[in-house]
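6 protein chains.
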Amino acid sequence: MPKVVQRIERAEEGVIDGLGRCGVATVHEAQGRIGLLGSRLRPIYPGARIAGSAVTISAPPGDNWMIHVAIEQINPGDILVLAPTSSCEDGYFGDLLATSAMARGCRGLVIDAGVRDVRDLTEMGFPVWSKAIFAQGTVKATLGSVNVPIVCAGAAIEPGDVIVADDDGVCVVRRADAASVLEKAQAREAAEESKRRRLAAGELGLDIYDMRGKLAAMGLTYE
Amino acid sequence: MPKVVQRIERAEEGVIDGLGRCGVATVHEAQGRIGLLGSRLRPIYPGARIAGSAVTISAPPGDNWMIHVAIEQINPGDILVLAPTSSCEDGYFGDLLATSAMARGCRGLVIDAGVRDVRDLTEMGFPVWSKAIFAQGTVKATLGSVNVPIVCAGAAIEPGDVIVADDDGVCVVRRADAASVLEKAQAREAAEESKRRRLAAGELGLDIYDMRGKLAAMGLTYE
Amino acid sequence: MPKVVQRIERAEEGVIDGLGRCGVATVHEAQGRIGLLGSRLRPIYPGARIAGSAVTISAPPGDNWMIHVAIEQINPGDILVLAPTSSCEDGYFGDLLATSAMARGCRGLVIDAGVRDVRDLTEMGFPVWSKAIFAQGTVKATLGSVNVPIVCAGAAIEPGDVIVADDDGVCVVRRADAASVLEKAQAREAAEESKRRRLAAGELGLDIYDMRGKLAAMGLTYE
Amino acid sequence: MPKVVQRIERAEEGVIDGLGRCGVATVHEAQGRIGLLGSRLRPIYPGARIAGSAVTISAPPGDNWMIHVAIEQINPGDILVLAPTSSCEDGYFGDLLATSAMARGCRGLVIDAGVRDVRDLTEMGFPVWSKAIFAQGTVKATLGSVNVPIVCAGAAIEPGDVIVADDDGVCVVRRADAASVLEKAQAREAAEESKRRRLAAGELGLDIYDMRGKLAAMGLTYE
Amino acid sequence: MPKVVQRIERAEEGVIDGLGRCGVATVHEAQGRIGLLGSRLRPIYPGARIAGSAVTISAPPGDNWMIHVAIEQINPGDILVLAPTSSCEDGYFGDLLATSAMARGCRGLVIDAGVRDVRDLTEMGFPVWSKAIFAQGTVKATLGSVNVPIVCAGAAIEPGDVIVADDDGVCVVRRADAASVLEKAQAREAAEESKRRRLAAGELGLDIYDMRGKLAAMGLTYE
Amino acid sequence: MPKVVQRIERAEEGVIDGLGRCGVATVHEAQGRIGLLGSRLRPIYPGARIAGSAVTISAPPGDNWMIHVAIEQINPGDILVLAPTSSCEDGYFGDLLATSAMARGCRGLVIDAGVRDVRDLTEMGFPVWSKAIFAQGTVKATLGSVNVPIVCAGAAIEPGDVIVADDDGVCVVRRADAASVLEKAQAREAAEESKRRRLAAGELGLDIYDMRGKLAAMGLTYE
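As you go down the protein sequences, you meet chains F, U, A, V, C and D in turn.
In terms of the working numbering, the first sequence has 88 at position 88, counting the first letter as 1, and numbering is strictly consecutive.
In terms of the working numbering, the second sequence has 46 at position 46, counting the first letter as 1, and numbering is strictly consecutive.
In terms of the working numbering, the third sequence has 64 at position 64, counting the first letter as 1, and numbering is strictly consecutive.
In terms of the working numbering, the fourth sequence has 74 at position 74, counting the first letter as 1, and numbering is strictly consecutive.
In terms of the working numbering, the fifth sequence has 83 at position 83, counting the first letter as 1, and numbering is strictly consecutive.
In terms of the working numbering, the sixth sequence has 219 at position 219, counting the first letter as 1, and numbering is strictly consecutive.
If you're looking for bench data, these hints aren't it; they were derived computationally from the structure.
A hint or two may mislead.
Stated by the list, open to error - Keeping only pairs whose Cα atoms sit at most 35 Å apart, straight-line, the calculated DSBU-like set for lysine-lysine is:
(1) K131(A) - K131(D)
(2) K184(A) - K140(D)
(3) K131(C) - K140(U)
(4) K140(C) - K184(V)
(5) K131(A) - K184(A)
(6) K140(V) - K131(U)
(7) K131(U) - K131(F)
(8) K3(V) - K214(U)
(9) K131(U) - K195(F)
(10) K184(U) - K3(V)
(11) K131(C) - K184(V)
(12) K214(U) - K195(U)
(13) K195(A) - K140(F)
(14) K3(D) - K131(D)
(15) K184(C) - K214(C)
Treat the numbers as computed from the prediction; the structure is a model and nothing was measured.
When you get a sec, could you build the whole thing from the sequences and use the hints?
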């Protein structure tokens, strides 16, 4: 059953980059509060904000062989997304693999396991969102699959889906929904701008969103 | 039962600011090693050190409505302290709410749940101590209470208690004890200064604190 | 049974420093993928990279008395390694103890428990790898031991073993193996250099490591 | 500051026993969905259902001295409730202490830490709700307090509050509210009985609680 | 977007029941070591072994309204499978809902959250696999969906997929694969029987599976 | 480096069985409160109490090949003790391996990972202490070692050490210390017997252990 799917569909580059500019929280809201990967995935350094197409990897615990296989499938702008087949925090990925992935145009790695050489990765500017930072080495003994549907940190991901990642975590957008989600995300950003100005000026959300009546109706009392 | 208590007592501003300068570890020791919130609460960026009066929020899991209600109750110098009524890591708070809270003079947020927009919050200089960084959106459907006693990350907190927070975590000081705790904290700082100099000069704690006899009496042997 | 062993063997300074320059991931690989302490130990600030001889401490939960005892046993270049006798996250160590340890030439602390005063420690440049940052104070009431074999974060450590610690975590090298591990680590670094250049130039690991045949033989299929 | 409060108020025996018969879930609901201790507290054997007045213990990590002190304060029908001053899973309590507590009429133990001798405790019929089962022994070196307010597994508990515990966990009821909570709990039980019959007969909650209209109004669609 | 899909495809009853008899471990192996839900899901009592068609529920944290909606969609032989939209351990389900679900022919509940009234559920013989046992009540304020694809405890589940659950945990089998997986599972059982006899007679796996040569070839040495 | 040590020393059978009768808590205390494996190891069914000589296994994550190798090394009365080389909860062991191990006289398994087929194991009376119950299958692809020193759940274990396991967890006794620990454990049991009678009769530990004076001297006050 282990297999590599070589041809995957990707969203439009402009859409992907637009989603990246909106960021995780806005994109997540824009698509109806879905698509977040679990909060255990944290960036290895602050400030990175990326978006790209998912090249997915399903790999056995403690075995990073399939990352070598996956790197060949990377198109410029892609993001590697690895889910181990059972819970694992080993360091599947380090500076050599990052060097190779960057040479192929990879924008980053999302991994529900561990990563190592984080100082080198930080200096290289190769961002990683991982469950752990752990130097534990892995073997190359058992096959997995590349570009198959996976569940990573609780989110179902199809190859070619759009991954957005920043300091708030990681979000997935279905490839087919990417354009419409971008539209909603941009609308949301525009709407927030005026609210931000009013709030900064001291207006209350209670008034801007007209909440007082509903709160009273539901029984909130003031003492 | 959901309610908002509008009038709370606060400690003196000078006392609050003094406690903030002493920091969490010193204040915690000065009041007899009590008052710490659990270590799961971590700052979203390093270097913040604040103190303020607690405006408390008890909110349902995944529902941030009461934050809007609480913001109206903020006096300049206050700190929002939110405890969900059951374990939750959703992102109750982001840059819009921070904008609103800052406009009211709020010094920061302590939340036993999640927070989002952390890059924006960092740029705004609005410090948050939270259990998680997570973009998951919340609803506004169920009431909670503002300025009632809560338990946040294992510590009992009354509205108006003094909250001290820095890179070591978060500590609560009973409002009525604030002045005397400050006195003890400052005494402790003064006492530490001379010890620091002696230790830096190479003297041993074993000698400064006269421990050798007691260690031997209890049976410690040297080989 | 509580005891302090005063005379421990240490590895050669040159070997220790060489291991430190290689770093955790390389040293761990060079000795056959063993010796890592658990990933729950994280540095309190990024960028520190140290190596030194372990002065070990076995201490009761919530009792830091033995750290004072251990500091007397420090030689310049040593690293304190503390394992509580049961799970604990209290703040055993802060700026005063760090001042004392630094005065003795200590290079850092590895502790499977908590640490506090992390802003001061960061400013002092005293690195700590710990399970938690927590201000909770400790007592000095019950004896433990210094320079006895311990298990710290899942790794067995003998006094005088070489500790290597950096952003990837912490690794222990048996004192007697230190020289040969260094040799293998340096060989590994040299070998990686040429691979890094080839990967950066776009060659694939699949080809450099000649994996295609083996993958096919094991049944990997391409679609 | 360590102290023992010898005289505490207790709720009426009949009220306490009534709450015990209602059980944790019903009591928790009856008082407005408050008062639960964290789900990490689990019974050491199934089937126990108790209620009693809290004799509270605040004890240092790894130190069970105060349990001996607390046992003297037990009245028949009381329940010991222990919160360590920082996170700990040591085995504070075993068969000898249970023998002593039972001789005083104690109905059980609630402890946010560990317990041991669980086979003996099971045979003795002495129920314990704990965070861990762990044989790790404790010392008697540092004072704590008995019958002071504590926070146990996230819930604030006053000495003399009513503790209800069963297979669902542990709930605390304020002493002053006990009688009225019992009344509401019994009303709730009565009301549930008829619903249970209707549901068992195949009626749907959608109809019994008249939910269909509200669901439609909020936008739920059927495909 | 909240919706209820009323018509779902189910696998054949005979196939479902056959999978239930094989059990989780065998079914998981038979389909290529996939489909397990996370080990955090544990049965509330030992000995239950069920299989059925998934009626899926996506529900907000702390809100069990959709369970009422889902119960109407149950066919005899179905299993409810609930995934909260973010991490939650509240007690979504108790004896009243179980009464209602049983009246519809429901065989059990799989929930990546909490459950309560576990003594009643045990007496009723209504099995539940859950992340927590927790009495915390939930609200009925926010919509979710029924019979949509979900990710539950790390496994992707489609409505109508076959759920197998026993003391080893929970496994999902794609509806379309159910018949072929059953065939492989039964073949596996048959094959294991003869191995079991040989192993019971003292033969070694090393010999039965002919491992000695491969172990030696890979470098295993005997001392 | 993977190797199998075929000849290990074992403690005397009578001593081993004596330790088993004393149980984990008593043995742990008798040897100075050391030797416990972490509380995350729990028995798969209640009531088992065993002791035996450790046959140790160091195995890669998700790879149970070495268990087959280890079974050949079992002498009647031995206990298998497996530590994965990094954190893993896969089901390394099930009913077939248990059948094989029992045929060799194995008394049980201690594993810092997962186990499966727990209903079968329970019926067979083969006790297991594990970190998880999880059906996830493992591969046979990478070597490990048998009868080498390991760290299992935080405790250092040498092959041939005595393992004691019961409802309280698991404890290791150094082979060379086994006889003297047994002696101390039996003395402890004898001493406890009279204390148990006195406590059952209502005497207080405060008086039996003469604690009142020391408590007062340390500053405990009664109100």
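Against the structure, the hints:
A distance of roughly 20 Å separates the Cα atoms of K131(A) and K131(D); the hinted pair therefore holds under the 35 Å criterion. Taking the CA atoms of K184(A) and K140(D), the gap is near 28 Å; set against the 35 Å cutoff, the hint holds. Restraint check: the Cα-Cα separation between K131(C) and K140(U) comes to about 26 Å, which is no more than 35 Å; the hinted pair holds. This hinted pair checks out: K140(C) and K184(V) have alpha carbons roughly 21 Å apart, not beyond 35 Å.
At roughly 30 Å between alpha-carbon atoms, K131(A) and K184(A) fall within 35 Å of each other, so this suggested pair holds. For the given pair, K140(V) sits about 34 Å from K131(U) by alpha-carbon distance, which is consistent with the 35 Å threshold. This hinted pair checks out: K131(U) and K131(F) have alpha carbons roughly 16 Å apart, not beyond 35 Å. Between K3(V) and K214(U), the direct Cα distance comes to roughly 25 Å. Compliance with the 35 Å bound is thereby established for this hinted pair.
A C-alpha spacing of about 27 Å is found between K131(U) and K195(F), which places the hinted pair at or below 35 Å, so the restraint holds. Between the alpha carbons of K184(U) and K3(V) the distance comes to roughly 21 Å, so the proposed pair stays at or under 35 Å and holds. The suggested pairing of K131(C) with K184(V) holds, with an alpha-carbon distance near 30 Å, which does not exceed 35 Å. With a C-alpha separation of about 20 Å, the suggested pairing of K214(U) with K195(U) holds against the 35 Å cut-off.
Of the pairs offered as hints, the one joining K195(A) and K140(F) holds, with about 17 Å between alpha carbons and a cut-off of 35 Å not exceeded. About 25 Å separates the Cα atoms of K3(D) and K131(D), which keeps this hinted pair within 35 Å; it holds. Distance check on the hinted pair: K184(C) and K214(C) sit about 27 Å apart at the alpha-carbon level, within 35 Å; holds.
Violated hints are absent here; each numbered hint is respected by the structure.
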